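Trainee: We have chain A; now place chains B, C and D onto it with these hints.
4 protein chains.
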Amino acid sequence: MPDNIRASVQIAPRTHQLQEFPRPVIGPDDGLMRVEACGICGSDLEQYEDHGGRRTEPCIAGHESLGIIEEIGERASQRWGVKSGDRVALESYLPCRSCDMCARGEFMSCRTGSFAYGFFPTSREPSLWGGYAECIYLHPNTLLHKVSQDIPAEVAVLYNPLGAGVRWACHLGGVGEGDTLLVLGAGQRGIAAVIAARAAGAANVIVTGLARDASKLALAREFGASHTIDVEAEDTVERVKQITDGKLCDVVLDVTPMALEPVNHAIECVRHGGRVVLAGLKGRRPMQFSPDAVIQKGATVVGAFGVDSRAYKEAISIIESGRFPLEKLHTHSFSLEDTPRAIETLQSDGDAVCVSVHPNG
Amino acid sequence: MPDNIRASVQIAPRTHQLQEFPRPVIGPDDGLMRVEACGICGSDLEQYEDHGGRRTEPCIAGHESLGIIEEIGERASQRWGVKSGDRVALESYLPCRSCDMCARGEFMSCRTGSFAYGFFPTSREPSLWGGYAECIYLHPNTLLHKVSQDIPAEVAVLYNPLGAGVRWACHLGGVGEGDTLLVLGAGQRGIAAVIAARAAGAANVIVTGLARDASKLALAREFGASHTIDVEAEDTVERVKQITDGKLCDVVLDVTPMALEPVNHAIECVRHGGRVVLAGLKGRRPMQFSPDAVIQKGATVVGAFGVDSRAYKEAISIIESGRFPLEKLHTHSFSLEDTPRAIETLQSDGDAVCVSVHPNG
Amino acid sequence: MPDNIRASVQIAPRTHQLQEFPRPVIGPDDGLMRVEACGICGSDLEQYEDHGGRRTEPCIAGHESLGIIEEIGERASQRWGVKSGDRVALESYLPCRSCDMCARGEFMSCRTGSFAYGFFPTSREPSLWGGYAECIYLHPNTLLHKVSQDIPAEVAVLYNPLGAGVRWACHLGGVGEGDTLLVLGAGQRGIAAVIAARAAGAANVIVTGLARDASKLALAREFGASHTIDVEAEDTVERVKQITDGKLCDVVLDVTPMALEPVNHAIECVRHGGRVVLAGLKGRRPMQFSPDAVIQKGATVVGAFGVDSRAYKEAISIIESGRFPLEKLHTHSFSLEDTPRAIETLQSDGDAVCVSVHPNG
Amino acid sequence: MPDNIRASVQIAPRTHQLQEFPRPVIGPDDGLMRVEACGICGSDLEQYEDHGGRRTEPCIAGHESLGIIEEIGERASQRWGVKSGDRVALESYLPCRSCDMCARGEFMSCRTGSFAYGFFPTSREPSLWGGYAECIYLHPNTLLHKVSQDIPAEVAVLYNPLGAGVRWACHLGGVGEGDTLLVLGAGQRGIAAVIAARAAGAANVIVTGLARDASKLALAREFGASHTIDVEAEDTVERVKQITDGKLCDVVLDVTPMALEPVNHAIECVRHGGRVVLAGLKGRRPMQFSPDAVIQKGATVVGAFGVDSRAYKEAISIIESGRFPLEKLHTHSFSLEDTPRAIETLQSDGDAVCVSVHPNG
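Protein chains in written order, with our numbering: chain A, 1 to 361; chain B, 1001 to 1361; chain C, 2001 to 2361; chain D, 3001 to 3361.
Isolated chain A (complex conformation) (with noise of 0.2 Å):
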């Protein structure tokens, strides 16, 4: 490794430009990962577009890295239990570890936590805070999980999409053996959740999905779903009362962005006592919705922020698990100087659902 590393940074809405940044120097309780790959999702295309312009700052964006310890302090190496050419996957949230929140493990609710990776400006030191880089600074506070060496790295860099299907689908929807799931959109998050509950034992996942995501909706049924619906051709709530013989779905997670009759039909397809889990942003707009039809179910609907440790490690288990064929879900690769393509590529290419950028090649 170089003394001087090379990174994709963001200076403008829209516009990436190489920069060399020093190799920071490492301490004890430190580190410096060198990147394999870097997954892209629905905030990288948020970022990447700015249409605010907020983002003044130049930043190197990409949080979901995966790659191999580099350089790594003392203490560092025996807190998190990993050493120098281990391979690792970083937590793209810093929580402070301090406040009351965190001191009751309920990180994702932290005081003062924010997403670190991917969103910290260049000018804070030592710059290297995302992966669209060579290497990227390993923060004291970074949460990071080891993973097999003996898994190609566009299938190792899914950790990050399958940990928020596992926290959607099943620690926050509660999906466990020999239940319903319905899954209200078919990307890549939409996807990762069919895994997650096929992994723990659901009978039956139902997903939908336009017209135009035929090919996805037949790679969600290669990976377990038992059926899929066309929302353009089929009227989803009818669909799903004859699929369940009426009985309706014990969890719906609805990942459209966007839409907001989804939300609706969550709540019609959830069955008495159920749960629906909401993940698909929809720009702040507002919806009609009725409180009754939450209050007569007795249904409970959670809203998804974030994704934690435990289903980081439970979506690496699945990874290391090899009972998937997750290669088909990784569809496009990238080079650090197309990293704008990469983004672009998962923006406007109907095929496209997991793309990554391989910085060192």
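No wet-lab data here; the hints were simulated from the structure. A quick note: this is a predicted structure, and the numbers were derived from the prediction, not measured. Here a beta-carbon is modelled for each residue, glycine too, at the ideal position from N, C-alpha and C. Heads up, none of these hints are tricks.
Calculated cross-link-like contacts (lysine to any residue; reagent style SDA-like; alpha-carbon spacing at most 20 Å):
(1) B:Lys1313 <-> D:Lys3247
(2) C:Lys2247 <-> D:Glu3106
(3) D:Lys3313 <-> B:His1272
(4) B:Lys1083 <-> B:Pro1024
(5) A:Lys313 <-> D:Met3101
(6) D:Lys3247 <-> D:Glu3234
(7) D:Lys3083 <-> B:Gly1246
(8) C:Lys2241 <-> D:Asp3100
(9) D:Lys3297 <-> D:Val3237
(10) B:Lys1247 <-> B:Ala1203
(11) B:Lys1297 <-> A:Met287
(12) D:Lys3297 <-> D:Asp3245
(13) B:Lys1247 <-> A:Met108
(14) A:Lys297 <-> B:Met1108
(15) C:Lys2146 <-> C:Ser2321
(16) D:Lys3313 <-> D:Ser3148
(17) A:Lys146 <-> D:Cys3099
(18) C:Lys2247 <-> A:Gly81
(19) C:Lys2297 <-> D:Cys3099
(20) C:Lys2313 <-> A:His272
(21) C:Lys2241 <-> A:Gly81
(22) C:Lys2083 <-> C:Arg2023
(23) A:Lys297 <-> B:Gly1042
(24) D:Lys3247 <-> B:Ser1148
(25) B:Lys1328 <-> B:Cys1041
(26) C:Lys2297 <-> D:Gly3306
(27) D:Lys3083 <-> A:Asp100
(28) C:Lys2241 <-> C:Lys2297
(29) D:Lys3146 <-> B:Gly1246
(30) D:Lys3297 <-> C:Pro2257
(31) D:Lys3313 <-> D:Glu3106
(32) D:Lys3247 <-> D:Asp3235
(33) D:Lys3297 <-> C:Asp2100
(34) D:Lys3328 <-> D:Ile3151
Over the 12 Å line for every Cβ pair with chain D, so calculated as not near, a few chain C residues:
(35) Asn2004
(36) Pro2024
(37) Ser2123
(38) His2139
(39) Ala2233
Mentor: Chains B, C and D alone, transformed into the frame defined by chain A:
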């Protein structure tokens, strides 16, 4: 107890008639209870009005009954663990206890269950299905709880609203030692939630009400509310931020009937990772709602359907402990003949909090 | 089905007699099931020997019954959600469903409950309380589960040992995705726990056995055990430390009958904060045990009493999913006449894992 | 505060020496606390005796410290949410907050964690690791809780034993509204458990003690124990059966040090499906124990290792609520110079319940 049992039968909307029914023959698995007191809640008001006129069949209403076991079968006595002369409180819901939901202990989601007490028509044998009667029939599936006879009947009958307070604030909301609860609405259920939350150790309980609820808000403070808000004079959200020093509330419970604004207040006032419990029905009216508000906060919204055995048991424990001046919650008692006036009092007397009918004087 | 029903009645220790009983009259709340298969477990062996001679009354044993609904009352059909001709699996335990524990959904701690199926004497009407008979009576309180008819009876009847595996390893032990489980004992319950744990995503499952259990340990590996230990050739604790790289096990389940040493091995092999499940009865024999070992580790030790509805439901889901070659778990089938030989086979044939009686051929 | 800080240093078993240490330089992530009071518990007694003589290094003991923030770094102030002049209570345990157990919020099972406060030697910079000193160092990983200054220091310092009561009785034992708890042992931890259980709504709390504990049993009754048992005059198990009308206890907590008999009493006195919490260390001595007793009851036995943040937070809420006369729990206060006498008082004065050292007078 004579051979004929008198009851106040609802024969048309807002119309009751005193009728007599033969005393039922009790077998090994059922029983008969002499009603000491029967409480009244919002459901009774709806039933009394019966605007839709759907319930054309005569019916003995009253689903919050407390009384003395008059006669009981041998097997029933063993199962329920009570005998003739014992005082018991009845649950209104009769789950089948055999379907898959009941087998898992989720009686409230029983696939075939229904509110029996207070809702079955008199045409269904043996007619005595409601609390506005000298005696009520104990069906073999009845769920009942023994209550100490040392407590005045008008206090013991509060097991019903207090059970709702326990389930909604503590079980569904998760209120515990040191928590901050916001209760939207100052009726009997709202004040019951204050009591339940304080019994569970809540450090701060904030209650909202209208200007005309001034006496009920004062009562809430007597039962341990730390702050009350007159929503006509103050901005609820701003006031909650001020009271909580910006930390917002761990749990928010909405018990306002028909009002939609409080649902959005609830979501605005709950902290990241907190819980919102919706218990106030809105007449099926829809509202403007932003899913992102729930997602960004990682909040959980729970529909409060009914009250379960665990909550009734804890409510009775609170009553028997004598640690709250519950007699202040009870404002009016009526005789069997005055059942319609009892219902109308709760409906239109602004000072009425808990009202009960005492069929045996 | 003829009017008389044949059964293998235990009339003395190790002595059965074929007897005929009149077909019971079925009312609205009960039913009759034609037995396809009845499994055998350790409790059957104890019952067969009846060393104490306490159970002097004749009895039809067999509490793991699978069969076809022969006749069913109208209300029973509605409650259970099944009809004549459906295949169902019976729970052996008949909770009262009325006491305070049952009302809370804790049926296993029912204050009046008892093992009915396989244990009630024939003197109790209508005699047909056991699975070693052409038909079994469906008491109104029976808990039953619908099972697909596409599965061979000798596989479907595995719902019982597999239900134990699910409850003991996953529900009481908490085994989930990525966890490490140690199972002490390689009998049918031990192997069932391997299956349940792998279905729940356990990353590592270690199973111990005696030298003579070699074929059962091989079967455990076929079902997904990652390591097996011959406790006569290896030191269990040392080997577990080696396999887990010193991290020990998240969960340890002891199913060894009569052996005391495994209980201490369990505590030594569980990690800090982990869970130990004890399911192997020891004939009331005491052992040397150090409370400090449990305290210093912050460990939880759970006594596994019976199997509940949720576990049976999940076991049936695993069976119906077809994701394990469960036919390998079943080793012997016998006719009704050969019931004693079936029991003796499980008792003394080292290769017997799961054995069943098929009363209707 | 002068530049030199005085401390009572343990230099040999039962031997303290007053020493002075330079005031540490505080950076952005740490702080310094002026000790108001430091409580004493059984661990302090063991440390004072140090029979094994293993801890040869000089050390400032005292791990139950309460005090005023004297100096604090800017980042530390933001993370902890406190500033100079605030009163805080310290947790003694310093988890790494980075290992897999900590990442899951299970700090008590931290793979690298240790009791820092009261146990690190003075040779470790900056020496001030114990509460028997004018000031204590606030390491960046310290977990601390803000406490109201309206409460006398000798009451506020009870956060430590009360935290144990909350965790052991309520969190690990699950005591809630209406439950029956048996506490074996009437020392400070036993009485703290009575308080915690009553705060959580326990209906019945039974406490056992020796004849010489008469005054402590009386104190337990003052704090809400419904019954007390002199184990030298009465048979514990028989008396519990009598008090509970044969229903036994939902939860049993053993806090007796060194005694083995209570562990078996605990198992005999817990109801089917109930929980036993073991918190009294037995000097690694083994006992006779029957696994079947735990299995047949479906009981859960939990080893109580330490106290976590959630429990401390709830204990402080109980203290701040003022709903118990906690000043009666505190029996003795000593100056810094008298630290050895403080420890010896708890050790040998039968009337001592909670004893504290007040290093700044």
